[in-house]
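Below, each chain spelled out in residue letters.
2 protein chains.
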Amino acid sequence: MRAEIIAVGTELLLGHTLNTHASFLSRECSELGIGVYYHITVGDNRDRLKEVIRTARERSDLVILTGGLGPTEDDLTKETVAEVLGIELVEHPPTRRWIEDLFRQRGMPVPSGNYKQALVFPQGTVFPNDRGTAPGLAVTHEGVTYVMLPGPPHELIPMFEKQVKPFLISLLPEKEVIHSQVLRFFGIGESYLEERIKDLIDRQNNPTIAPYAKRGEVTIRLTAKASNVQEAEERIAPVRQAILERVGAYCYSERDETLEQVTVNQLRDRGQTLALAESCTGGLVAQMITSVPGASEVFKGGVVCYTNEAKEWLLQVPRNIIDVHGAISMETACTLAEQAAQRMDADWGLSVTGVAGPSPAEGKPVGLVYVGLAERGRPVRAYRFTFRGSREDIRVRAAKQMLFLLQERIKKGELTT
Amino acid sequence: MRAEIIAVGTELLLGHTLNTHASFLSRECSELGIGVYYHITVGDNRDRLKEVIRTARERSDLVILTGGLGPTEDDLTKETVAEVLGIELVEHPPTRRWIEDLFRQRGMPVPSGNYKQALVFPQGTVFPNDRGTAPGLAVTHEGVTYVMLPGPPHELIPMFEKQVKPFLISLLPEKEVIHSQVLRFFGIGESYLEERIKDLIDRQNNPTIAPYAKRGEVTIRLTAKASNVQEAEERIAPVRQAILERVGAYCYSERDETLEQVTVNQLRDRGQTLALAESCTGGLVAQMITSVPGASEVFKGGVVCYTNEAKEWLLQVPRNIIDVHGAISMETACTLAEQAAQRMDADWGLSVTGVAGPSPAEGKPVGLVYVGLAERGRPVRAYRFTFRGSREDIRVRAAKQMLFLLQERIKKGELTT
Chain W
1 MRAEIIAVGT ELLLGHTLNT HASFLSRECS ELGIGVYYHI TVGDNRDRLK EVIRTARERS
61 DLVILTGGLG PTEDDLTKET VAEVLGIELV EHPPTRRWIE DLFRQRGMPV PSGNYKQALV
121 FPQGTVFPND RGTAPGLAVT HEGVTYVMLP GPPHELIPMF EKQVKPFLIS LLPEKEVIHS
181 QVLRFFGIGE SYLEERIKDL IDRQNNPTIA PYAKRGEVTI RLTAKASNVQ EAEERIAPVR
241 QAILERVGAY CYSERDETLE QVTVNQLRDR GQTLALAESC TGGLVAQMIT SVPGASEVFK
301 GGVVCYTNEA KEWLLQVPRN IIDVHGAISM ETACTLAEQA AQRMDADWGL SVTGVAGPSP
361 AEGKPVGLVY VGLAERGRPV RAYRFTFRGS REDIRVRAAK QMLFLLQERI KKGELTT
Chain G
1 MRAEIIAVGT ELLLGHTLNT HASFLSRECS ELGIGVYYHI TVGDNRDRLK EVIRTARERS
61 DLVILTGGLG PTEDDLTKET VAEVLGIELV EHPPTRRWIE DLFRQRGMPV PSGNYKQALV
121 FPQGTVFPND RGTAPGLAVT HEGVTYVMLP GPPHELIPMF EKQVKPFLIS LLPEKEVIHS
181 QVLRFFGIGE SYLEERIKDL IDRQNNPTIA PYAKRGEVTI RLTAKASNVQ EAEERIAPVR
241 QAILERVGAY CYSERDETLE QVTVNQLRDR GQTLALAESC TGGLVAQMIT SVPGASEVFK
301 GGVVCYTNEA KEWLLQVPRN IIDVHGAISM ETACTLAEQA AQRMDADWGL SVTGVAGPSP
361 AEGKPVGLVY VGLAERGRPV RAYRFTFRGS REDIRVRAAK QMLFLLQERI KKGELTT
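Chains as they are written, first to last, in the UniProt record's numbering: chain W, 1 to 417; chain G, 1 to 417.
Honestly, I wouldn't trust all of these hints.
The list treats identical chains as interchangeable, and a pair is accepted whether it falls inside one copy or across any two copies.
Each computed DSSO-like pair below joins lysine-lysine, with the alpha-carbon atoms no more than 30 Å apart [claimed, not checked]: (1) 116 / 364; (2) 214 / 162; (3) 214 / 165; (4) 214 / 116; (5) 198 / 225; (6) 116 / 50; (7) 198 / 116; (8) 50 / 411; (9) 165 / 412; (10) 198 / 364.
Since the hints were made in silico from the structure, they are not lab data. These numbers were taken from a predicted model, which means no experiment stands behind them.
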């Protein structure tokens, strides 16, 4: 089944509202095995809306329209669908009563515009709206099903979940599911990763293999169609296995988790705790860790030691270490990590000091970053990196690198890193 | 000029990524006076992409495509545009050198896929990408201009602002400038703000008045068309004045700066310094402050005191304050702010402690947040807030509220807050 989603609303074209419905409905559809091939956004304009409906019916079996079911003259989604299909709308008495009751409860007369919300397709389906006045509608005409849903998310989402989803399932010819698994990688570029698995990508069919890069990370989405989830997972398994055999060293999650989620989970599983000392990342790592619900079980705290005073006074970094080696050095990174762990009684101390830019510091170039990692009862280690890009890029890459190092060390132990 | 925006990427159709580019580019275009009539999303599929490009060229003067410029075989935006237009791409030596240099700096050979990123339109425009390997491209063919931009937001946004916007302005038929000023507000809801200036919005013409809400903040963009910038500013001035007379109390920037930029600038102007103690925001405020280049002049450092131990050991918060009043209390907020300022010898100490959720803590409800503010030589103050929304919403709102409080206090002095 081929679907497309048409969002109707000039506010979307002005960029004042994000089209979150398209992604919500796409996720829901792909879980049902309905492939979404296009998203379209068009303004509250009858001619252009007609044109996109005509294009949609030529190429899709299912057309989901959102918005434009309100009471104003601007709202013309169902009227335009009816016009294109040559169907005359009829009044739906239960909806008319519902609207009248709503306004009676508010002690107001029904505004004339609201009566048109009771008009429906004579041979169609009505999805009552218990959060508003506009019911959802569906009609099938010449093999194409049109579903029209109200724009407000707090009306659309529950209506979809309770009424539209079962309706769509009833349309499906075969009971097919589309199931995805996401592998997440760090420390390998997208093009390198792709080169390493090029033959698998070239042969891809079911599952499909979709790599996607974002700021130092690469994700691979494996998507299979099958008659049920278990069968889809069985299709995915050998391909995932083949990918992991080649580039598994860079894979930090096989379940689409972020680096911070993986780190928090690993620490929680081991009953261990973490303390941070951040210089150039300025609190970013702490912010990432604490964005994970339940971080308080494993995160003792952190210091954003942006000045030498903060390093000395909060973490008792000896003045002479900074004087001799500089604040941006292996030695300072080690001491920061050790002191953070000791002073907060944590199992792990993770530190960073470097030059995020835009200007060099201590005569050291922009992008130079040292990471310190202290583990209770083990010698502290420091790592040196050079990152490129803007100040923001360098901070984000350094933060991710720190979490990647930590989760690798937790996973593999000291010897292998 | 009629524009449409085509986003290319299967991940968008699966609903895993929100199409934020369509709204960003729509806002930018409408500010330039370019009407956006359609948003289209299509997968990484040559035939469907061809079809949407063919439809677009029939109805639009400007077609902006995002995504699909990467090094992989899935990336086929420019190849498909070239195919539809019947143009052969040629190698652009400066881009090839840029890509080779990038990989040389990383000490890696250039993966074969990256060479195709140096292919451009022979009669077109190249927008160099200083954040990645894929340059942006533009080409005009039979009266229609096609602009192709890389998908990653941290590449697309600066490229648009620095290079594509001037390029689009050069396409506009009349030599008219479109000039904007942005006012930024905090602490007032969008609908309330709009109500206060409704008559101005209803009468808007030149300048236009566009309010836009995002997470606790509202911006108003005033955009005037005129024959030069000075004339545009003269048109904007009385409208801006009228808005500020009504809602100026909530305005923290008349120059489109963020709260963190305003705060850093104010502190720098006064030669003052700041120290932070963050509990529920977990480093977010430090991260915001340090994202501003030059923050090191004013930011002494911060403590992410996520546990009571961190509060005691790093900031010497007396145990009995936490025992008697709780970690989430006015008293703890005051002590954290004072101790942060004292221990880091800063002019200002700003602290936060609260419940970000998802679960209540210390028997206190999700969303309850205390902010402490200590100024050298003045009595410390604490403020109590209740925020609604997700964990992330509460953290972001709390962080913005802290910066808003601080900048107001710096601006107005103690008595008026």
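Cross-check of the supplied hints:
When the C-alpha separation of residue 116 and residue 364 is checked against a cutoff of 30 Å, the pair qualifies neither within a copy, at 58 Å, nor between copies, at 35 Å. In the homo-oligomer, the alpha carbons of residue 214 and residue 162 lie at most 30 Å apart both inside one protomer (24 Å) and across protomers (22 Å), since each shortest distance falls under that limit. Both within a single protomer and between protomers do residue 214 and residue 165 lie at most 30 Å apart by alpha-carbon distance, with minima of 23 Å and 24 Å respectively. Proximity of residue 214 to residue 116 under the C-alpha cut-off of 30 Å is restricted to the inter-copy arrangement: shortest distance 20 Å between copies versus 39 Å within a copy.
In this assembly of identical chains, residue 198 and residue 225 lie within 30 Å of each other by CA distance solely inside one copy; the values are 22 Å within and 52 Å between copies. In this assembly of identical chains, the alpha carbons of residue 116 and residue 50 lie at most 30 Å apart only when taken from the same copy (19 Å versus 39 Å across copies). Proximity of residue 198 and residue 116 under a CA criterion of 30 Å is satisfied inter-copy only: 16 Å between copies versus 52 Å inside one chain copy. For the homomeric pair residue 50 and residue 411, neither the shortest alpha-carbon distance inside one copy (56 Å) nor that between copies (47 Å) is at most 30 Å.
For a Cα distance limit of 30 Å, the shortest separation of residue 165 from residue 412 qualifies neither inside one copy, at 38 Å, nor across copies, at 49 Å. In this assembly of identical chains, residue 198 and residue 364 lie within 30 Å of each other by CA distance neither inside one copy nor across copies; the values are 39 Å within and 54 Å between.
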